[in-house]
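Asker: Sequence:
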Amino acid sequence: MFRLMRAPDSESSPTPAKKQNHRWARLLLALAIFVVLGLGFRALLPTLTERGAAFASRHYLGLPARIDNVDLFIFRGQIVIEGLSLGATPDGASPWSAAGNPPPIDPATALVHCDRLVISFSWKNLLSKSLLLPKVEIQAPSLRLLRGSDGKIEPLRGARPVAQFSSAKPQPSPAPPWPVEVLAFSLHHPSVEILDVETGKPLLEFSLESFDLDRLSAKGSEIALGTVGVKGPVLRVDRDLVLADSSPDAGAISGDAAPVSAASGYQVKKIEIAGAQFTWITKRGPLDVRFAFRASDVSADQGHRFPIDLTLEVEAAQLHLAGEAGILPPVFDGTFSWTGLPFPPLLLASAPELAPWLRSANSSGNIEIHADVAGAKGPAGVQISGHASLENLALADPGHSATSLQWKRLDAKISDVFIPLAGGPGVRPTARLHFRQITLEEPVLRYTHPSPALFSLLGMSVPEAAQPSATNPPPPAPPAPPAASSTGSFAVDAMIEGLNISGADIEVRDTSVQPDAISTIRNLEITAREVHFPDPSVASFQLQAMLPVSAWLSVKGSLQPGNIGAFTMSLKELDLPTFDAYATTAGASLKAGQLSLEMNLKTQGATIEMENEAVLRKLGISLGNPASFSHQFGMPLGLAIALLSDPSGNIRLKVPVKVDDKGANVSLGPIVASAIRSALVGAITTPLKLMGASLGGPSGNGGLMVSPLKSPPGSADLSPEVSARIRDVSGLLTQRPSMGVVLSGRSSSDETPLIAKQILIETIQAGNDLPALDGVGFLGRHRMEKILAQTAGGGTGKLTDKDQALFEKYLAATNVPRERLDALAKSRAEAARNLLIANKVSANRIRIGDREAAGAPGVVLKFVEFHPPH
Numbered sequence: 001m002f003r004l005m006r007a008p009d010s011e012s013s014p015t016p017a018k019k020q021n022h023r024w025a026r027l028l029l030a031l032a033i034f035v036v037l038g039l040g041f042r043a044l045l046p047t048l049t050e051r052g053a054a055f056a057s058r059h060y061l062g063l064p065a066r067i068d069n070v071d072l073f074i075f076r077g078q079i080v081i082e083g084l085s086l087g088a089t090p091d092g093a094s095p096w097s098a099a100g101n102p103p104p105i106d107p108a109t110a111l112v113h114c115d116r117l118v119i120s121f122s123w124k125n126l127l128s129k130s131l132l133l134p135k136v137e138i139q140a141p142s143l144r145l146l147r148g149s150d151g152k153i154e155p156l157r158g159a160r161p162v163a164q165f166s167s168a169k170p171q172p173s174p175a176p177p178w179p180v181e182v183l184a185f186s187l188h189h190p191s192v193e194i195l196d197v198e199t200g201k202p203l204l205e206f207s208l209e210s211f212d213l214d215r216l217s218a219k220g221s222e223i224a225l226g227t228v229g230v231k232g233p234v235l236r237v238d239r240d241l242v243l244a245d246s247s248p249d250a251g252a253i254s255g256d257a258a259p260v261s262a263a264s265g266y267q268v269k270k271i272e273i274a275g276a277q278f279t280w281i282t283k284r285g286p287l288d289v290r291f292a293f294r295a296s297d298v299s300a301d302q303g304h305r306f307p308i309d310l311t312l313e314v315e316a317a318q319l320h321l322a323g324e325a326g327i328l329p330p331v332f333d334g335t336f337s338w339t340g341l342p343f344p345p346l347l348l349a350s351a352p353e354l355a356p357w358l359r360s361a362n363s364s365g366n367i368e369i370h371a372d373v374a375g376a377k378g379p380a381g382v383q384i385s386g387h388a389s390l391e392n393l394a395l396a397d398p399g400h401s402a403t404s405l406q407w408k409r410l411d412a413k414i415s416d417v418f419i420p421l422a423g424g425p426g427v428r429p430t431a432r433l434h435f436r437q438i439t440l441e442e443p444v445l446r447y448t449h450p451s452p453a454l455f456s457l458l459g460m461s462v463p464e465a466a467q468p469s470a471t472n473p474p475p476p477a478p479p480a481p482p483a484a485s486s487t488g489s490f491a492v493d494a495m496i497e498g499l500n501i502s503g504a505d506i507e508v509r510d511t512s513v514q515p516d517a518i519s520t521i522r523n524l525e526i527t528a529r530e531v532h533f534p535d536p537s538v539a540s541f542q543l544q545a546m547l548p549v550s551a552w553l554s555v556k557g558s559l560q561p562g563n564i565g566a567f568t569m570s571l572k573e574l575d576l577p578t579f580d581a582y583a584t585t586a587g588a589s590l591k592a593g594q595l596s597l598e599m600n601l602k603t604q605g606a607t608i609e610m611e612n613e614a615v616l617r618k619l620g621i622s623l624g625n626p627a628s629f630s631h632q633f634g635m636p637l638g639l640a641i642a643l644l645s646d647p648s649g650n651i652r653l654k655v656p657v658k659v660d661d662k663g664a665n666v667s668l669g670p671i672v673a674s675a676i677r678s679a680l681v682g683a684i685t686t687p688l689k690l691m692g693a694s695l696g697g698p699s700g701n702g703g704l705m706v707s708p709l710k711s712p713p714g715s716a717d718l719s720p721e722v723s724a725r726i727r728d729v730s731g732l733l734t735q736r737p738s739m740g741v742v743l744s745g746r747s748s749s750d751e752t753p754l755i756a757k758q759i760l761i762e763t764i765q766a767g768n769d770l771p772a773l774d775g776v777g778f779l780g781r782h783r784m785e786k787i788l789a790q791t792a793g794g795g796t797g798k799l800t801d802k803d804q805a806l807f808e809k810y811l812a813a814t815n816v817p818r819e820r821l822d823a824l825a826k827s828r829a830e831a832a833r834n835l836l837i838a839n840k841v842s843a844n845r846i847r848i849g850d851r852e853a854a855g856a857p858g859v860v861l862k863f864v865e866f867h868p869p870h
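Be aware that the sequence shown starts at 1, since it is given in our numbering, and climbs by one per residue.
For the record, the hints were derived by calculation from the structure and aren't laboratory data.
Predicted, not measured: the structure shown is a model, and the values here were computed from it.
Some hints could be false.
To be verified - With a straight-line cut-off of 25 Å between C-alpha atoms, the simulated SDA-like cross-links for lysine to any residue are:
#1 K654 with W552
#2 K591 with I621
#3 K809 with T763
#4 K840 with L732
Make the full structure from the sequences, and use the hints.
Answerer: This is the structure in structure tokens:
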């Protein structure tokens, strides 16, 4: 009998070890499948992201988008996106076609572009429903906005989304947002640009070298910031920038009734930053600013306003801004106050080209601000009122030349200041400046001309005479500030109710002349009331100042609109040698003298009338070319001064000047010169006319001659009628101690027969015989001697015709020597001299001159400058 038996089957009854191996095999297979799927997903995810962005942007947003490259580092938690661009206008590609082959987008015209975006995240925090980003870095982000012809800036104006959204569909309540915390955030070379569509010109350009933030947290609607670092900011804003429509409809938008279409959908319930620090990094060093900021209900909805409160601390200064702000359109209504604000560090950060000039300046103030940048409720601009002051200003040339400006305090009480930001087409906006009071205390100005550093700062060319030499170049001047980009301009309407400047001190040194000319104004005081511009007017004006060396200047007056006004000026004892350097350049020398001036000036539209009375005391002046004055005025300068000077050595001149519309284009200099010449000539000739003389013109050797004193023919005496003229000449010389007189006798050719007769009589009286003449016998000569003897004895000696012919023959034959004529002329001059001495004229002021050329018998008077002996 056989019994069949089956061998044992190990498979049918597995051991525990075998069962464990089967489980690991299945787990490894699942893990392999997961890894394969993960790797595949990891490989496909960047491509899906790139193509999904191209699809989603067109489908939901209506604008093209493109991502050039996406890198995922899943294990270390990092995402890198390169070449992110969002186009400004649709490109015509459908969402599906763009997903298959994303079209390129030009970064230069894109609405938004970013070269590189790096985001690091924490997987651990994601599991706890919070987002921790250890690092966010953005390279070269740019935003390019366009302002349309209607004046609005709408980034999504051209968007054409494919997806349709229904506002009637109920929306589920959103889940509360995850808390977000960024440990390190940095922007490198960000930029924002706003362009005008019609003109293509940039309205706003903003860029940074870098922006760094060491902490940012957001929990719900609350945001907190850490330390901020800003490097290399550049901002240029065109005055024509308008961020919203300034039509009446736009002005009616309010935060309480904003239309649904104007809602942005973004709102921050609360922002609070306390004790943060802002570091502005510049090429010349960092500027640390501590700040605190609070805002609530922040939204970019059209017409929405929200409260803000900002406090900044810059060194020892504190600034506080509080009020209501809006984003669309940009508005602000509130107050701005500051105390002890130091300007040098601010200039160091914002305008480094000016910083080397500013040594110190502190400011305080409290103002109300109403800023309507877009013109939503009227003209676009900023309106200010309140009070501001600038204390302890000190500006100085960094090249260490004597050019500086400083003052103790500038205080401005502002009633209403409006600065326009834009005007409509063909409209020139008006800046309104209304000050209740402006006070400037103890300003001190020192200016050296020329000042190359100042010319460079103001963008002016340095005169050739002021160019530095190669051997002594000046220190380099700071570069001129960039020119403003604005192409328009605005009118100015200014009113100052009260202006007061006290304790001013001004010194100007002119190195363009040799030696250096120094002009000073000390203790300058200016008080004005109701000053208006551009139609200039001032209700009352008063100026007082001390001029070199101890002169005193006073100006008073008023000016009404239409250039109708009256001013008086009084100048006492201005030291003239101070201006000798300028006189030297004109060929003159001022070595002594003082000027006093009283002037009345009246204006009536285009007509200006000035009445001047000038007094020159102890004038000491000389000319490099004396002939020029003689040619102009008909006498030497010294004589003119002597004629004009009174017994005290003062010269008084009245110089009336009138300029009307016919002479509006004529230089005032020639008019004044002509008036001075008329006054000078009048002052000189008047005393001469009063004494009965006429102006005879310049003499040949530096004097002024008048009509001569008459003498009887052949006589050394003067005519009786000259006595009155002698008294007038004496009075003239007595009143003008710097004048002298030269007396020159003169004889006439008509006197030769008389002198010959005297010679014949003198021959008979001496017992001598008359000379023998051809054709004259003894009896004729004897008869003529008898006639001459009778004449010498006082007889008339009547002659027959025959004797008359004989007498004339003897006269013609008698030689009259020159010495005889000289002696006669000298005798006449001595007779005049004796008469002047008898009338109290000092003998050392009278000089006998050479005989004058032949003329009417008498004595010529020639007035000259007299220098009394020391």
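Asker: For the pair supplied as a hint, K840 and L732, is the alpha-carbon distance within the 25 Å limit?
Answerer: 12 Å, holds
Asker: Below or equal to 25 Å on CA atoms is what counts here, so check K654 against W552.
Answerer: It holds: about 20 Å lies between the C-alpha atoms, which stays within 25 Å.
Asker: Keeping to a limit of 25 Å between CA atoms, is the pair of K809 and T763 held or broken?
Answerer: 16 Å, holds
Asker: With the threshold set at 25 Å, check whether the alpha-carbon distance from K591 to I621 stays at or below it.
Answerer: This hinted pair holds, its Cα atoms lying about 6 Å apart.
In summary, the structure agrees with every hint in the numbered list given earlier.
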